[in-house]
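Residue numbers (our numbering), protein chains in the order written: chain Z, 13 to 86; chain G, 825 to 957.
No lab work stands behind these hints: they were computed from the structure.
Among the hints, erroneous ones may be present.
[Claimed, not checked] Which stretches of chain G does chain Z cover? Using the computed rule of at least three CB atoms under 8 Å from a CB of chain Z, they are:
(1) 847-854
(2) 862-875
(3) 924-931
[Claimed, not checked] Pairwise CB distance ranges, derived in the manner of DEER restraints:
(4) E29(Z) with V848(G): 14 to 22 Å
(5) R896(G) with E59(Z): 18 to 26 Å
(6) R22(Z) with Q877(G): 17 to 25 Å
(7) A19(Z) with P881(G): 29 to 37 Å
(8) A861(G) with R37(Z): 30 to 38 Å
(9) R37(Z) with V848(G): 41 to 49 Å
[Unchecked claim] Sample of chain Z residues lacking proximity to chain G, with all beta carbon distances greater than 10 Å (derived):
(10) A35
(11) D48
(12) G55
(13) V73
Built from N, CA and C at the ideal position, the CB exists for glycine as well.
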Amino acid sequence: MHPELEALVRAYDAVQESLGPEAPRLRTVFEGRVEDALAKRSGLSRESLLNLIRLQHRRWVRAQQTPTTLPPKA
Amino acid sequence: MNTAVAKGSTSLAPEWTTPGARAVEDFARRSVDEWLAVSSKFLQWHRQNRLEQDAPPEVCQESDRAHAWLLRSTRMMHGQMLDPDFPNRELARRVEAALWQLEEAWAQAHNPMTEPEADTLMARFFPADASGT
């Protein structure tokens, strides 16, 4: 995955998983990354980017569950 | 107008003495905390059953009904906290964060973007070869 998209997915996951008072700050981080990504890509709408992040996040979460080719950390 | 309070309730108002006011605030905070715990528990279940895997259609339907109720109630709660005079901003921010999580979980479960559309967008705007991978 493109590193910038992966960073967006990870930032999105951090907000989704946050429970306490950290959530608003993490959301600000995520929104900032979204704005940066949009500013660099004319022709990409905010809604399309958010839907792409949502879909990639699902793929990413599922990929975390399945064993990869990498050996587990010792 | 019928001003009767619920049977068994304590007399929090209309006196608004200091202890009464404190009790109201404590009650509000406890209620919101309880609500946020319910929301959090639902979101945890949602992640395990609808994000990490595909749930059967009947499970999705039931979960959507519960999800819709959680969204309505949280929006209502958040709406009350948008009052500029609402005294507990920290509580308001936590409810806003929970609402965002609920709305995103819903948007994710009902994402109109298909996998091929996502792949097309990625190829155009986030090409893998630009990442050096």
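Checked hints:
| no. | hint | verdict |
| --- | --- | --- |
| 1 | 847-854 | violated (count 0) |
| 2 | 862-875 | holds (count 4) |
| 3 | 924-931 | holds (count 5) |
| 4 | E29(Z) with V848(G): 14 to 22 Å | violated (33 Å) |
| 5 | R896(G) with E59(Z): 18 to 26 Å | holds (23 Å) |
| 6 | R22(Z) with Q877(G): 17 to 25 Å | holds (21 Å) |
| 7 | A19(Z) with P881(G): 29 to 37 Å | holds (34 Å) |
| 8 | A861(G) with R37(Z): 30 to 38 Å | violated (21 Å) |
| 9 | R37(Z) with V848(G): 41 to 49 Å | violated (29 Å) |
| 10 | A35 | violated (3 Å) |
| 11 | D48 | holds (13 Å) |
| 12 | G55 | violated (8 Å) |
| 13 | V73 | violated (6 Å) |
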